[in-house]
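In order, the protein sequences belong to chains H and C.
In this note's numbering, each residue's number is its place in the first sequence (first place is 1) plus 487.
In this note's numbering, each residue's number is its place in the second sequence (first place is 1) plus 292.
It cannot be assumed that every hint is accurate.
With the Cβ distance kept under 7 Å, some of the chain H side facing chain C (calculated, not the full set) [claimed, not checked]:
no. : residue
1   : Asp546
2   : Pro550
3   : Ala552
4   : Pro566
5   : Met572
6   : Gln576
7   : Gly578
8   : Trp582
9   : Ala595
10  : Gln596
11  : Tyr624
No lab work stands behind these hints, which were simulated from the structure alone.
Just so you know, even glycine gets a beta-carbon here, dropped at the ideal spot from N, CA and C.
Listed below, chain by chain, are the residues.
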Amino acid sequence: MRRPAKLIATGVVVEYWLARSEKIFTAVDGVDLEIGDGEFVAIVGPSGCGKTTFLNAVDGLIPVASGSLALDRREITRPGHDRAMVFQQPGLLPWRTVLGNVLFGVEAQGTMSRDEALRRAKQQIDLVGLVGFEDAYPSELSGGMQQRVNLARALLTDPEMLLLDEPFAALDAQTREMMQLELLKIWNRDRKTALFITHDIKEAIYLADRVIVFTKRPGRVKDSITIDIPRPRDLRVKRDPRFVAYEDRIWESIQEELAVKPERLLAGMPA
Amino acid sequence: MSIKEVDRTLPTTRGETAGTRERRSVVQPKRWKRYEATLIGTLSVVGVLAVWQLVANAGLIPVFLPGPIAIGGALAKLFTDPRSEIWIDLATSGQEVAIGYGGAIAIGVVIGILMGWYTRFQYALDPWVNFFYSTPRIVLIPVFIIWLGIDWPSKVAIIFLGALFPIIINTMAGVRNTDAALLRVARSFGASDALIFRRVVLPGAVPFILTGFRLGVGHALTGVIVAEYIAARHGVGKFIADTSVTLQMEKMFAGVIFIAGTGVLLTWALQRIENRFQSWRPQIKS
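Can you make the complete structure from the sequences, with help from the hints?
Following this line, the structure appears as structure tokens:
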């Protein structure tokens with residue numbers, strides 16, 4: 488099935504100025520990528536390959552040095568109401584309760600009336616499973632619960648596109664799987680276009696319609712693998728032979744980038 | 293159910309209900325633990341006072357060390373004796389502190405915020421703040437008295453300068469201390485600078501600002517007493533100076549203890565306010 492394009496990246500280059508060594512550092516070097524409306528895309532790649540940098544560029548937090556990045560044919564130059572980010576670090580205001588933090592996104596955007604925001608925030612809290620914790624402070628929550636708040640804050644702004652920056656990376660294995668399952672459930676309700684960054688290959692395959700593999704730094708698109716596993720997917724799908732085949736293929740693609748010879752890995756020697 | 297409550301009907305790990313058996317997994321603090329700090333503190337004060345009284349009674353140090361009872365009597369008499377001028381002294385010192393410390397709060401918070409928020413402002417003021425903060429401002433008292441006279445303006449100037457710098461430095465640190473991750477979140481949602489300042493930077497800086505206020509109190513009280521001690525017509529510092537040179541030891545100690553008590557009380561009150569503003573912080577007190 489061919490979807491109309493939502494996000495179009497052509498030859499995206501992102502550069503940093505490194506103050507210490509006084510050099511220009513190229514983090515992302517010519518990314519070409521099209522994401523369809525309602526498509527869930529995950530980007531994986533070796534650490535430091537520029538995948539998070541690319542996501543920040545899509546969010547508009549850092550400028551694109553050359554190339555073009557457009558959402559719904561509008562060029563991205565700064566953060567906008569059509570995108571919302573779920574961060575790796577929850578980034579919750581410690582002096583605000585769960586409810587107050589969920590409201591912060593729409594409050595910053597300043598587009599929704601207070602009553603409407605409050606009503607919808609309660610729905611979001613229900614959706615992410617935090618009923619009963621509205622008045623709790625972030626310091627009273629577990630890591631998984633903090634990420635639920637992080638997610639609810641982004642969802643409340645009702646974006647055109649959801650950006651997720653390794654949101655489950657800091658969680659323990661069981662909590663991470665639970666969160667993946669719940670994220671898919673929530674995503675299934677309105678199937679918003681989503682771009683998910685992760686270094687966890689299984690997570691990428693389990694969540695996404697398509698997995699993009701980035702080259703090592705500076706990042707470019709190396710591979711694009713359509714995940715042909717029907718939805719809804721439950722966690723058992725991770726043991727499906729097709730799933731494992733995808734996993735092997737992506738793993739090898741990343742290994743090529745790391746340039747570690749397979750024999751060395753087999754011999755159990757340090758890379 | 294709030295997360296602070298524990299449902300007592302839930303089974304424990306052993307499969308018994310909590311009501312029928314004492315739970316060992318949660319250590320409930322003993323009731324007297326809550327009063328432990330107050331109790332030990334009180335005992336310590338009472339003990340030292342008793343030793344002091346005994347030393348005074350034994351006459352080891354004859355004239356110049358009155359006991360706590362004598363000082364207490366002098367303190368009470370200060371406030372009950374119709375001929376006492378303590379009220380004039382109190383009013384004088386009180387007004388000086390109110391103007392000087394109030395001014396330091398108003399100006400210190402503004403300058404601190406500007407220095408924290410605008411880097412260039414900080415570059416411009418940093419040398420001055422560091423210079424004045426490192427200078428013992430007490431040595432400026434004679435100069436201020438020559439410039440501004442022996443009445444309230446010279447005292448206000450000293451109090452103001454004393455309290456100003458801790459407030460500036462703490463406010464600036466509070467603004468600077470804003471969590472970069474929170475700023476990123478706010479920017480990502482398209483928050484304006486004004487909103488970032490009001491909703492992210494300022495609430496995070498409040499505990500720091502209050503710490504600045506608390507540190508400023510000590511400087512303000514020291515400033516007023518020493519300035520009056522050197523030259524003044526009225527004031528608690530003047531009272532201490534007069535009574536000490538005329539060897540009225542009970543009265544002098546009464547004045548010193550009154551000042552110390554005021555300092556303790558103000559610091560305690562500000563500490564309470566600080567704690568109120570930090571109720572969201574995780575409790576790490578043992």
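Review point. Where does the structure disagree with the numbered hints, that is, which hint numbers, in rising order?
Key: 2 and 3
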